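Sequence order for the protein chains is L and W. Just so we're aligned: 239 in the numbering used here is position 239 of the first sequence, and the numbers increase by one with no gaps anywhere. Just so we're aligned: 22 in the numbering used here is position 22 of the second sequence, and the numbers increase by one with no gaps anywhere.
Hints listed in this document are in silico derivations from the structure and should not be mistaken for laboratory results. Computed from a prediction, not measured in an experiment: that's the story for all the values here. The C-beta atom is built at its ideal place from N, Cα and C for all residues, glycine as well. Certain hints may be false.
Just a few of them, taken from the derived set where beta-carbon distance is under 7 Å, the chain W residues facing chain L [as the list claims (entries may be wrong)]:
{"id": "1", "residue": "Ile85"}
{"id": "2", "residue": "Leu125"}
{"id": "3", "residue": "Ile127"}
{"id": "4", "residue": "Pro226"}
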Amino acid sequence: MRLPAGPYLLLLPAAVALAGVSIYPLFYGVRASLTRYLYGRDYGYTGLTNYKNAIHDTFFQDAMVTTAKFVICTVTIETLLGLGLAVLVSRELRGSGLIRVGLILPMTIAPVVVGVMWRLILDSGVGVTDPLFQLLGLPAPEMLAHNGTAFIAVVMVDVWEWTPLIFLILLAGLQSLPQEPLEAALVDGAGRVRLFFDHTLPLLTPVLLVAIVLRTIDAIGTFDQIYVLTKGGPGTATRLISLHAYNTAFLFTQYGQAAAMLIMLLAAVTILMVVAVRMMRRVAR
Amino acid sequence: MRARLPRIGLYAALMAILVIVIFPFWWMVDTSLKHPVDIFGGVTLYPHSPTGDNYRRLFDTYHFGSYLVNSVVVVTVSVVVSLTIGTIAAYSLARFQLRWGLNQSALVVALLVRMIPGILLVIPLYITLAHWSLLNTRLGLILIYTGLNTSFVIWMMQSFIAEIPRDIEEAAMVDGDSRLTALWRVVVPLAAPGLAATAIFSVIVTYNDFLIALSLTSTPKAQTVPVGVSTLIGKIQIEFGPMAAAGVIGALPIIIFALIVQRHFVRGLTLGAVK
Numbered sequence: 001m002r003l004p005a006g007p008y009l010l011l012l013p014a015a016v017a018l019a020g021v022s023i024y025p026l027f028y029g030v031r032a033s034l035t036r037y038l039y040g041r042d043y044g045y046t047g048l049t050n051y052k053n054a055i056h057d058t059f060f061q062d063a064m065v066t067t068a069k070f071v072i073c074t075v076t077i078e079t080l081l082g083l084g085l086a087v088l089v090s091r092e093l094r095g096s097g098l099i100r101v102g103l104i105l106p107m108t109i110a111p112v113v114v115g116v117m118w119r120l121i122l123d124s125g126v127g128v129t130d131p132l133f134q135l136l137g138l139p140a141p142e143m144l145a146h147n148g149t150a151f152i153a154v155v156m157v158d159v160w161e162w163t164p165l166i167f168l169i170l171l172a173g174l175q176s177l178p179q180e181p182l183e184a185a186l187v188d189g190a191g192r193v194r195l196f197f198d199h200t201l202p203l204l205t206p207v208l209l210v211a212i213v214l215r216t217i218d219a220i221g222t223f224d225q226i227y228v229l230t231k232g233g234p235g236t237a238t239r240l241i242s243l244h245a246y247n248t249a250f251l252f253t254q255y256g257q258a259a260a261m262l263i264m265l266l267a268a269v270t271i272l273m274v275v276a277v278r279m280m281r282r283v284a285r
Numbered sequence: 001m002r003a004r005l006p007r008i009g010l011y012a013a014l015m016a017i018l019v020i021v022i023f024p025f026w027w028m029v030d031t032s033l034k035h036p037v038d039i040f041g042g043v044t045l046y047p048h049s050p051t052g053d054n055y056r057r058l059f060d061t062y063h064f065g066s067y068l069v070n071s072v073v074v075v076t077v078s079v080v081v082s083l084t085i086g087t088i089a090a091y092s093l094a095r096f097q098l099r100w101g102l103n104q105s106a107l108v109v110a111l112l113v114r115m116i117p118g119i120l121l122v123i124p125l126y127i128t129l130a131h132w133s134l135l136n137t138r139l140g141l142i143l144i145y146t147g148l149n150t151s152f153v154i155w156m157m158q159s160f161i162a163e164i165p166r167d168i169e170e171a172a173m174v175d176g177d178s179r180l181t182a183l184w185r186v187v188v189p190l191a192a193p194g195l196a197a198t199a200i201f202s203v204i205v206t207y208n209d210f211l212i213a214l215s216l217t218s219t220p221k222a223q224t225v226p227v228g229v230s231t232l233i234g235k236i237q238i239e240f241g242p243m244a245a246a247g248v249i250g251a252l253p254i255i256i257f258a259l260i261v262q263r264h265f266v267r268g269l270t271l272g273a274v275k
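Extracted from the complex, chain L is given alone in its bound form (with noise of 0.2 Å):
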């Protein structure tokens, strides 16, 4: 090579774009995090004042439950789902490749799409859900306008999503595990169930956390789909922290505060990247 420069010349003008959109926000966020904003107006360094504001926000302490709970109840299902899925396809079925096109659709749409698909199901007015148990003769649950069937119904919707990314994750990772020492073991005497635990899940359990730790990565910062379903109602039954941050920021125009919340948030989801990165390059070699 007669110019030792050029390799990294042809790196620039990608190093440029991601910090434009990593390192200078992230400057960016944390000065308006020591910002005091009134009306979205600038008025100067204020120290650790929206820290502490948020941290006592009952709102905010609220919505950071209601992220734990939401991220703790579709990670699990998703993963329970998934993998029983995986599991029943992988032994070669016919009219198996039809499921696999059938469930990426779920994931491939706008997750507003998502959200206006399950507000015309979930719906009092124009709704499935409703005359389905008044047909069965149960009171209609008006899902969307309770608490407790809110949050379930948002909780089902992400489930509808993304259970079927963590089906086909595992099922890749199903496809490609050695098949000799299964057979051995089949041979040896032991059962499917045992065959299973002993050395199906220990072999997958690689890809099985690489598809969880993700998940839970997407979602933590859910917010289209409930943008969509709820707004985050009925009450704050389903207001969780993306919700609670994009309303402090752009409803009540309390920038510093809600890149505050945020930034306690990134320090958390941080940990989990590195986690992530960490498996996903151990997968992949």
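Fit chain W to the known structure of chain L by using the hints.
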């Protein structure tokens, strides 16, 4: 016989799952083709007197034409730019031994940028764009999506290019090509399937984005399709018919793209961890 019965049960379960997956799509299409009276008139599983009214109103009264144009412009420009600069960077990472451990660390940085949840970015980005007077412009959205897509392109293309043998481009360079013309004439055509999959994934993710577009735009001048869909949900009243129609238009191109890349789907969604 002992084996056949569970197998029937298995197929029944899979059929049930397919119905659960497909029904919401059908119900949205169904609703989008109904008159308002029929939408509120109880459950009918197909439109008894189908109408295109909802679609017409979407474009006549709800600015859907400009949302579509904005989406197409923003997606096209940002994906083309990020594919170009991302592929060049990926080539450098795949082919040269760089200093300071850049080969590895640059990939990790790209991956981290890709994973950051959007909500963590929008407030600083809002302040930044306000600073540059780029709020509510297509250019503002293009710049942001270009950056986010570039991270994905670097990550995907690095592994695709690394799979191409070096000898071929070195032969081209012996024949008089420079690095960049060899990249363009030899590597890019060989990496074309990977490049196409990466492009389609970028298109899907960018077209679907809601939170960034919602926060940084405010009028049909720059708002994209997903934001347009959400504007139909008013404080008091929801326009269910047009909303369903908007959902159909929002989903259709993406479904077509997804079917094209379904082979690469797992690789794309797990950011290459699982192939």
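Which of the numbered hints above does this structure break?
No hint contradicted; all consistent.
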